[in-house]
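Novice: Hey, can you work out the whole structure from these sequences and the hints?
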Amino acid sequence: MVRNKRGLISVIFILAVALFLTGCEQTEETTNLDGPYVGGSEGLKFSFQEYEPPQIVLDDSQEDFFITLVVKNMGEYTIPEEGIIASLSGVDANAFGLSSLNTVSAIPVTGVANDQGYFIEGGEELLEFDEAEYVNDVAASFDVILRADVCYEYETEALAHLCLKENVVKKSIEDVCETNNPELSVYNSGAPIQVSGLRQKAVGANRVQIVFTVQNVGKGLVYLPETFTDSCKGMDDNIDKLKVTLRNPQNNFEAECSAFGKSPSGELRLVNGRKEITCNLDTTDLQEVSYQDLLIIDLEYMYRDHVRTSLTVQNALT
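Heads up: the sequence shown runs through residues 57 to 374, numbered per our numbering.
Don't take every hint at face value.
[As the list claims (entries may be wrong)] Within a straight-line C-alpha distance of at most 25 Å, the following computed PhoX-like cross-link-like pairs (lysine-lysine) qualify:
(1) K275 to K101
(2) K275 to K227
(3) K289 to K128
(4) K318 to K289
(5) K257 to K227
(6) K318 to K331
(7) K101 to K257
(8) K128 to K275
(9) K227 to K101
(10) K275 to K289
(11) K297 to K331
(12) K299 to K289
(13) K318 to K297
(14) K299 to K275
(15) K226 to K257
(16) K101 to K289
(17) K257 to K331
(18) K318 to K299
(19) K318 to K275
(20) K257 to K318
(21) K297 to K275
Source of the hints: derived by calculation from the structure; they are not laboratory data. Keep in mind it's a predicted model, so treat the numbers as computed, not measured.
Specialist: The following block contains the structure:
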């Protein structure tokens with residue numbers, strides 16, 4: 057009788073575990089994403105590969121070792137071939153037998169994706185520097201701080217719906233939206249530079265004003281596109297700058313932005329990590345009844361961040 061009870065308890069336990077595991081699998085398979093983008097505030101995430109470099113290396117060319125970065129795309133933009141540049145500092149290239157302190161990505165690194173509501177992870181790749189060795193013979197061990205700066209191409213796409221019609225100050229019973237809206241919803245693709253605070257208001261019978269903020273929400277620095285090509289160093293003249301473009305898929309309107317000389321596209325400089333932009337839209341040629349029209353804001357830039365590690369050069373006993 058006791059044996060039967062134990063058997064029954066074992067069966068119940070196994071069934072409970074099976075149901076729990078099945079529930080976990082279903083949860084993972086049916087993870088849904090809301091909105092047109094995955095979202096998030098990260099671009100490229102990177103770190104030194106484990107043991108590359110090792111914590112301790114021998115002097116006098118007694119030990120070869122590798123320096124490698126693991127990079128993973130956490131945002132939604134696919135970084136093209138040669139779109140990632142990494143540079144080392146803190147070490148003497150000659151002393152460590154390095155022909156170059158720079159390396160460039162050889163293949164594209166795909167971004168994360170929202171595939172019909174399901175999350176697809178971004179690509180992960182290795183950035184490898186030349187094989188290294190400490191060539192000098194030293195009398196005592198010492199520590200070195202190794203820093204890697206990484207610069208990479210990136211883009212943000214922000215999407216919003218504007219309420220438009222020919223005469224934006226004239227009310228109508230057919231109106232489906234308000235041409236004055238102090239808080240429009242804006243969706244951003246996953247990236248470290250984001251658009252926020254979008255609002256619109258009628259400033260004339262056939263004129264709408266839109267205002268929004270471009271902000272660096274990541275931990276790194278932003279630069280103009282194509283600032284870095286073969287090394288991730290210097291170029292302070294292009295810091296806190298990026299390219300901004302406003303567009304409509306149907307070409308129903310063209311934005312006139314004061315920051316860009318009444319053009320829909322131009323360079324923007326951030327102040328304390330952010331900048332507000334004001335643009336006007338001419339609605340003269342639009343339909344009489346209000347409707348929602350797409351505004352897409354493209355941000356193009358290079359982003360820079362760094363990582364550090366330490367290694368000990370140890371005196372080899374011979």
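Novice: Each hint: holds or not?
Specialist: Quick rundown of the hints versus the structure:
no.: 1; hint: K275 to K101; verdict: holds, 11 Å
no.: 2; hint: K275 to K227; verdict: violated, 45 Å
no.: 3; hint: K289 to K128; verdict: holds, 21 Å
no.: 4; hint: K318 to K289; verdict: violated, 34 Å
no.: 5; hint: K257 to K227; verdict: holds, 14 Å
no.: 6; hint: K318 to K331; verdict: holds, 17 Å
no.: 7; hint: K101 to K257; verdict: violated, 39 Å
no.: 8; hint: K128 to K275; verdict: holds, 16 Å
no.: 9; hint: K227 to K101; verdict: violated, 50 Å
no.: 10; hint: K275 to K289; verdict: holds, 17 Å
no.: 11; hint: K297 to K331; verdict: holds, 10 Å
no.: 12; hint: K299 to K289; verdict: holds, 20 Å
no.: 13; hint: K318 to K297; verdict: holds, 19 Å
no.: 14; hint: K299 to K275; verdict: holds, 19 Å
no.: 15; hint: K226 to K257; verdict: holds, 13 Å
no.: 16; hint: K101 to K289; verdict: holds, 19 Å
no.: 17; hint: K257 to K331; verdict: holds, 19 Å
no.: 18; hint: K318 to K299; verdict: holds, 15 Å
no.: 19; hint: K318 to K275; verdict: violated, 32 Å
no.: 20; hint: K257 to K318; verdict: holds, 18 Å
no.: 21; hint: K297 to K275; verdict: holds, 15 Å
Of the numbered hints stated above, those contradicted by the structure are hints 2, 4, 7, 9, 19, listed in ascending order.
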